[in-house]
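*Asks:* So the chains spell out like this:
2 protein chains.
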Amino acid sequence: MPQVRRVLCAALSMCALISVPQAFAEETAPKPRTMDEILAAAPASDWRKPDAQNLLVMQLAQGTVLLELAPDYAPQHSANLRTLAEEGYFDGLTINRSQDNFVVQWGDANGDDQAKRKSLGSAKAALPAEFSTVIRNDLPFTRIPDSDGWAPEVGFSLGFPAARDPATGQQWLAHCYAMVGAGRGNAPDSSNGTELYVVIGQSPRQLDLNITLVGRVLSGMEHLSTLPRSLAAGGFYERPEQRVAIQRLSLASKMPESERPKVEVLRTDSVTFNALIEARRNRADAWYLRKAGHIDLCNVPLPVRNPPESR
Amino acid sequence: MPQVRRVLCAALSMCALISVPQAFAEETAPKPRTMDEILAAAPASDWRKPDAQNLLVMQLAQGTVLLELAPDYAPQHSANLRTLAEEGYFDGLTINRSQDNFVVQWGDANGDDQAKRKSLGSAKAALPAEFSTVIRNDLPFTRIPDSDGWAPEVGFSLGFPAARDPATGQQWLAHCYAMVGAGRGNAPDSSNGTELYVVIGQSPRQLDLNITLVGRVLSGMEHLSTLPRSLAAGGFYERPEQRVAIQRLSLASKMPESERPKVEVLRTDSVTFNALIEARRNRADAWYLRKAGHIDLCNVPLPVRNPPESR
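Line by line, the protein sequences are chains U and L. Position 256, counted from 1, in the first sequence is what my numbering calls 853; the numbers after and before it change by one each time, with no gaps. Position 172, counted from 1, in the second sequence is what my numbering calls 769; the numbers after and before it change by one each time, with no gaps.
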């Protein structure tokens, strides 16, 4: 199995494909680099600090989960989630579902019981569906060169996996690992952000354009992906004691500055990120005997790091 | 979020696409069915009992993991794994790696230390690479109609996700969730089955044709997918006490008949399985507002059940 290691020599087999004198090829052809090498060489400007207004911090006994909202794609759900977090809606609620190779989901276990359910405070009970948005100039789109079976074009936008269709003029977020969405009933406008799920397995892209994605887990995914599975229908825990407590879910901008999580995310419109995509399409690691020459949207890593000053 | 439920009415929007009188359409167009409905109607002959010679039973404190070998694709690795299991090689060894969204891996934690490593008994220390095989008449291939970025043709063969390339004449197994492979070093022929990994996240198809897949976990995946992650390089546990003990790993054919796991697997060359693929390409569930009209290889479920007589 591949291990994290530095590649000390270029993949000579690639040079063999170029019909120019070897000396010339060595001088001009850039050496294929691994992702680690590309990230190590990234200028500071290729990293961004997410806006604290878009960061939700979920505290579990297992550890801290950090989630970045996508207000450019789900403005109303993002606004409602800020209100819910500010007013402590999720504090004391539970993780109620853990379905293997699909999703982990949290919210009010009594949400379907009008008599028992928790008050939404000043948050809205109903929101419009935000499954997609129109293709806009202010929404960058770093397209990957490879085909995708689910959408005409796929790539990354503002740090999130995304897709678009020039024929319909629509652009939307895609259900990759660690993406977070707002659960709904059968009606398209039946989500309000009180019920959230995160993808923990193979990307369920059939959900794209069927439900509102609100953001992505930046760190702490391992606290959610390892929660005990339920084999009951839909992976819902059957007994109340199986549920996992949410100690607190806060909006970072309302936390004291010193307590806010320090994190940096690689810009998906940067030269570094484009180089990373290419490095993953054709692995330079010595372990790989065959380079795929392809990548699926949900196989592209989205690097997150501690800022240099906090290390 | 979608829940398991029966669809009581046909999706009328599909009828609207057919320009024939409504009464005729209702009589002749088959009602779209959900996967549950398709499985409930499957004849007994569409299910198979795996050969006990191909079943490995791994006992952990967490529960039992059942693995089916793929001797038609990896004959030498399968034979070696039978020998290793029969002679108790894995008993008392450990799970040493759990990398989020990638793999869980088990074997001899001292495998790299010639002085400390466990004897292989009569198993072979070196095997040839079994990354692919020639396309043969005795290897059924149920092709899915959708495009795939990693291979010219994808589908299912003998219960496993597979791919093939008519141009090279090669056919191979694909790295989907729950597939199990034999770890290797940088040399293509450096695996022998003593180091096994299972896919626990987004399908890492870049590994296809780079490493030998030996089979698939049929049940008990949740015992592996929820193991605590290591954030160290490659997801390897750093401290010996983090490792998870393998109490026993047995070949089912060598277990007393009464103790062998009872399991049935849906035949991937059956009419039922073909209907299931179509049901997942275009979901009939009332929850889905938009049918994808597509599926990726690794999104197709491979149903496993307890045999009717053991329920």
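Hints were generated in silico from the structure; no laboratory data involved. Among the hints, erroneous ones may be present.
As the list makes no split between identical chains, a pair holds if one copy fits it or if it spans any two.
Straight line, CA to CA, 25 Å or less: simulated SDA-like cross-link-like pairs of lysine to any residue [claimed, not checked]:
#1 K859 / D697
#2 K628 / L828
#3 K888 / Q711
#4 K721 / A637
#5 K715 / D882
#6 K721 / D762
#7 K888 / A726
#8 K888 / D743
#9 K859 / S719
#10 K888 / A830
#11 K888 / Q767
#12 K646 / Q711
*Asks:* Is it within, between, both or neither when you check K628 against L828 at 25 Å Cα-Cα?
*Replies:* neither (48 Å within a copy, 29 Å between copies)
*Asks:* From the Cα coordinates, with 25 Å as the cut-off, is the pair K888 and A830 best called within, between, both, or neither?
*Replies:* between (40 Å within a copy, 22 Å between copies)
*Asks:* Can you give me the call for K859 and S719, within, between, both or neither, at a CA distance of at most 25 Å?
*Replies:* Answer is neither; intra-copy 29 Å and inter-copy 54 Å both fail.
*Asks:* Check K888 against A726 for me: Cα-Cα at most 25 Å, and say if that holds within a copy, between copies, both or neither.
*Replies:* between (41 Å within a copy, 17 Å between copies)
*Asks:* Quick one: K888 to D743, C-alpha cut-off 25 Å, is that within a copy, between copies, both, or neither?
*Replies:* both (14 Å within a copy, 23 Å between copies)
*Asks:* Can you give me the call for K859 and D697, within, between, both or neither, at a CA distance of at most 25 Å?
*Replies:* So K859 and D697 pass the 25 Å test across copies only (21 Å; inside, 31 Å).
*Asks:* Should K715 paired with D882 be assigned to within, between, both, or neither, using CA atoms and 25 Å as the limit?
*Replies:* Classified as neither; 52 Å inside a copy, 29 Å across copies.
*Asks:* Is it within, between, both, or neither for K888 and Q767, if the alpha carbons may be no more than 25 Å apart?
*Replies:* between (33 Å within a copy, 17 Å between copies)
*Asks:* How do K721 and A637 come out at 25 Å by Cα distance, when the copy is not named: within, between, both, or neither?
*Replies:* Classified as neither; 44 Å inside a copy, 41 Å across copies.
*Asks:* Within a copy, between copies, both or neither: which one fits K721 and D762 at a CA-CA cutoff of 25 Å?
*Replies:* Neither: 31 Å inside a copy, 53 Å across copies.
*Asks:* At most 25 Å between CA atoms: does that hold for K646 and Q711 within a copy, between copies, both, or neither?
*Replies:* neither (40 Å within a copy, 47 Å between copies)
*Asks:* How do K888 and Q711 come out at 25 Å by Cα distance, when the copy is not named: within, between, both, or neither?
*Replies:* Close neither inside one copy (55 Å) nor across copies (32 Å); limit 25 Å.
When held up to the earlier numbered hints, the structure conflicts with 2, 3, 4, 5, 6, 9, 12 and fits the remainder.
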